[in-house]
Every structure is written in structure tokens, then in C-alpha cells.
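Q: Could you put the whole structure together from the sequences, leaning on the hints where they help?
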Amino acid sequence: MRPWTGSWRWIMLILFAWGTLLFYIGGHLVRDNDNPDHSSRELSKILAKLERLKQQNEDLRRMAESLRLNPKDCSKAKKLVCNINKGCGYGCQLHHVVYCFMIAFGTQRTLILESQSWRYATGGWETVFKPVSDTCTDRSGKSTGHWSGQYPQYEFISDNSISWSAGLHNRYTENSLRGVILDIHFLSQSDFLVCTFSSQVCRVAYEIMQTLHPDASDNFHSLDDIYYFGGQNAHNQIAIYPHHPRNTDEIPMEPGDVIGVAGNHWDGYSKGINRKLGRTGLYPSYKVKEKIETIKYPTYPDADK
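So for the sequence shown, UniProt numbering puts the first residue at 1; every next one is plus one.
Derived from the structure by calculation, the hints contain no laboratory data.
Predicted model, so just to flag it, every value in this text is computed and none were measured.
Cβ atoms here follow ideal geometry from the backbone N, Cα and C, with glycine treated the same way.
Any given hint could be a false lead.
What the hints assert, rightly or not - Label-pair distances were calculated between CB atoms; the ranges are: (1) Asp159 with Val81: 37 to 43 Å; (2) Pro298 with Cys88: 27 to 33 Å; (3) Cys92 with Lys291: 23 to 29 Å; (4) Val81 with Ile240: 39 to 45 Å; (5) Thr211 with Cys88: 22 to 28 Å; (6) Asp267 with His213: 50 to 56 Å; (7) Leu47 with Gln108: 30 to 36 Å; (8) Ser217 with Asp249: 27 to 33 Å; (9) Gln210 with Cys88: 20 to 26 Å; (10) Asn247 with Ile292: 28 to 34 Å; (11) Leu182 with Ala48: 37 to 43 Å; (12) Asn85 with Phe186: 46 to 52 Å.
To be verified - Here are the simulated PhoX-like cross-link-like pairs (lysine-lysine), alpha carbons at most 20 Å apart as the crow flies: (13) Lys72 with Lys130; (14) Lys79 with Lys130; (15) Lys296 with Lys276.
A: What follows is the structure in C-alpha cells.
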């Protein structure tokens with residue numbers, strides 16, 4: 001799957017910029033008539049942020065492209081071999097490929113995707129998607145089976161054979177694969193995504209949505225879990241306000257306490273463990289912030305050459 005390219009990405013950023021400007025003009029800057037310098041500074045900040053986002057997207061695209069096209073001599077390249085044939089569904093397998101790519105990117109290796117006899121398409125990944133690499137793959141690199149579709153103008157069609165085709169005996173077929181890809185595509189294109197984050201398919205749609213907007217983190221509502229990915233490190237939050245329990249179901253917190261979050265109950269409370277006290281229970285969701293763990297990834301300086 002190639003990194004996305006194209007002028008439409010910049011068009012989306014321009015539309016976002018106009019929307020942001022109108023929001024500020026209508027809701028903030030109008031009240032700053034007595035302080036035009038402040039208004040000008042705010043507008044400058046918005047435009048500068050959009051320019052940084054554009055540059056960051058271009059840097060990521062260039063680095064990913066550099067990794068995908070390199071090396072020139074495949075026989076001498078360091079490689080990471082990833083087998084897609086895991087005993088789970090499409091969303092789970094797709095996430096597995098993404099994790100493999102993250103490790104390949106971080107260790108500066110070329111990803112080799114083994115997909116022969118894939119349960120969804122026996123011919124392999126390249127019969128449905130473009131090859132992961134143009135120059136370093138077990139396959140010829142020739143793209144086949146690329147397809148597109150169009151939603152039928154909101155017309156709903158009922159057919160009992162559709163339910164039959166979704167049965168377990170038919171689920172792992174190429175037609176089924178095309179169906180789930182189409183579902184994910186249109187879910188990711190929605191203005192606001194409502195689904196269950198316990199579903200791999202739902203999370204894939206949300207992840208793709210992130211590539212279509214400067215920030216789509218508020219464009220969803222999960223009916224159950226908070227966002228996570230399989231194999232992730234512990235999800236921790238940091239208390240920013242103190243909390244004194246009102247009943248035995250709640251846990252105390254002081255600013256700076258690290259809370260291991262188990263889930264959001266979507267009623268104003270989350271459940272987790274205060275790692276300092278070792279106590280598990282409920283706490284107000286607004287009294288914590290995310291604890292972000294960062295790691296330095298390679299920047300691929302040769303991508304500019």
C-alpha cells in the first residue's frame with residue numbers, strides 16, 4: 001500500500017484552514033476588535049501550524065517512500081520478514097502488517113511481506129493491493145487486481161444470499177476480502193464515525209481517517225472500548241486534579257499519580273489502577289491526561305538526496 005500522495009491532501013488542509021479561520025472570526029476574533037494585534041497573532045499561529053502540518057506530512061511521505069523504494073540492491077539489504085497468515089480476521093491481520101512496518105521503519109529494514117496462500121486471496125497480497133516494495137519483494141512487483149467501487153446512491157438492497165455469503169464458510173474468500181475493504185473505505189470517509197473500538201475493522205477505519213484530516217481525534221464515538229492496538233504497552237494516564245472517593249467504587253488520586261486505564265465507561269468515569277497505591281476503581285475522566293511515551297525514530301536523512 002503506497003503512502004498517499006496527491007494535491008487533494010493539500011486541498012483538505014486548505015478547507016480545514018478556512019474552517020478554522022471562520023471559527024475564529026465568528027467566535028473569537030469578533031470579540032477582539034479592541035485588540036487587533038492579538039487577532040493578527042492568532043491568525044499567524046493558525047497559518048503557521050497548518051504549514052508545519054503540511055511539512056510534516058510531506059516529510060513522512062518522503063521517508064516512507066524512501067524506505068519502500070530502497071534499497072537499490074535487494075540482495076544486500078537488511079530485511080524484516082512478516083507473515084500475514086495469522087489465525088484471525090482481516091482487521092487483525094492488517095494491524096499485524098502495520099506493526100511489522102513500524103518495526104521495519106524503526107530498525108531501518110526493508111519489509112518483506114510473505115502472503116502466499118493467504119486465506120483471503122490465495123495468490124497473495126499483491127493480487128489485491130500494490131506491492132509493499134517496488135524493488136525488494138519476493139514477487140515480481142507487478143500490481144494486479146486493483147479495483148474501485150461506488151456506493152449506490154443510498155439505495156438499500158435486501159438479499160438473503162448476502163447473509164449466507166457472510167457465513168463462516170464463506171468469510172475467508174477474495175470476495176469477502178473485497179467486501180470488508182469496501183466497508184472500511186467508506187467508514188473512514190465518514191464525517192463522524194460511530195462504531196465499537198473492540199472491533200479491529202472499526203479501529204482500522206479510524207486509523208485511516210487520521211490520514212484524511214489534520215486531526216480526526218474527535219471525529220468518532222466508540223460504543224465500548226477506548227482506542228488501543230494489540231500488543232501495545234500499558235495505557236497510562238496522569239492525574240492533573242486530586243480526587244477524593246465518594247464511595248467504595250472510586251479510587252483516590254493526587255496530581256502526578258500514574259493511572260493505568262482499563263476503560264472509559266462513557267458516563268463521566270473511567271476505570272483503572274492507581275499505580276502508586278495499587279488500588280483499582282473508578283475516577284472522573286476529566287481529572288487525568290494521557291501519559292505519552294515517545295521514542296526516537298530514524299529520520300532517513302538520505303531521503304533528501
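Q: Take the hints in turn and mark each one as holding or not.
A: Evaluation of the provided hints:
{"no.": "1", "hint": "Asp159 with Val81: 37 to 43 Å", "result": "holds (42 Å)"}
{"no.": "2", "hint": "Pro298 with Cys88: 27 to 33 Å", "result": "holds (30 Å)"}
{"no.": "3", "hint": "Cys92 with Lys291: 23 to 29 Å", "result": "holds (26 Å)"}
{"no.": "4", "hint": "Val81 with Ile240: 39 to 45 Å", "result": "holds (44 Å)"}
{"no.": "5", "hint": "Thr211 with Cys88: 22 to 28 Å", "result": "holds (23 Å)"}
{"no.": "6", "hint": "Asp267 with His213: 50 to 56 Å", "result": "violated (28 Å)"}
{"no.": "7", "hint": "Leu47 with Gln108: 30 to 36 Å", "result": "holds (35 Å)"}
{"no.": "8", "hint": "Ser217 with Asp249: 27 to 33 Å", "result": "holds (29 Å)"}
{"no.": "9", "hint": "Gln210 with Cys88: 20 to 26 Å", "result": "holds (23 Å)"}
{"no.": "10", "hint": "Asn247 with Ile292: 28 to 34 Å", "result": "holds (31 Å)"}
{"no.": "11", "hint": "Leu182 with Ala48: 37 to 43 Å", "result": "holds (39 Å)"}
{"no.": "12", "hint": "Asn85 with Phe186: 46 to 52 Å", "result": "violated (27 Å)"}
{"no.": "13", "hint": "Lys72 with Lys130", "result": "holds (19 Å)"}
{"no.": "14", "hint": "Lys79 with Lys130", "result": "holds (19 Å)"}
{"no.": "15", "hint": "Lys296 with Lys276", "result": "violated (28 Å)"}
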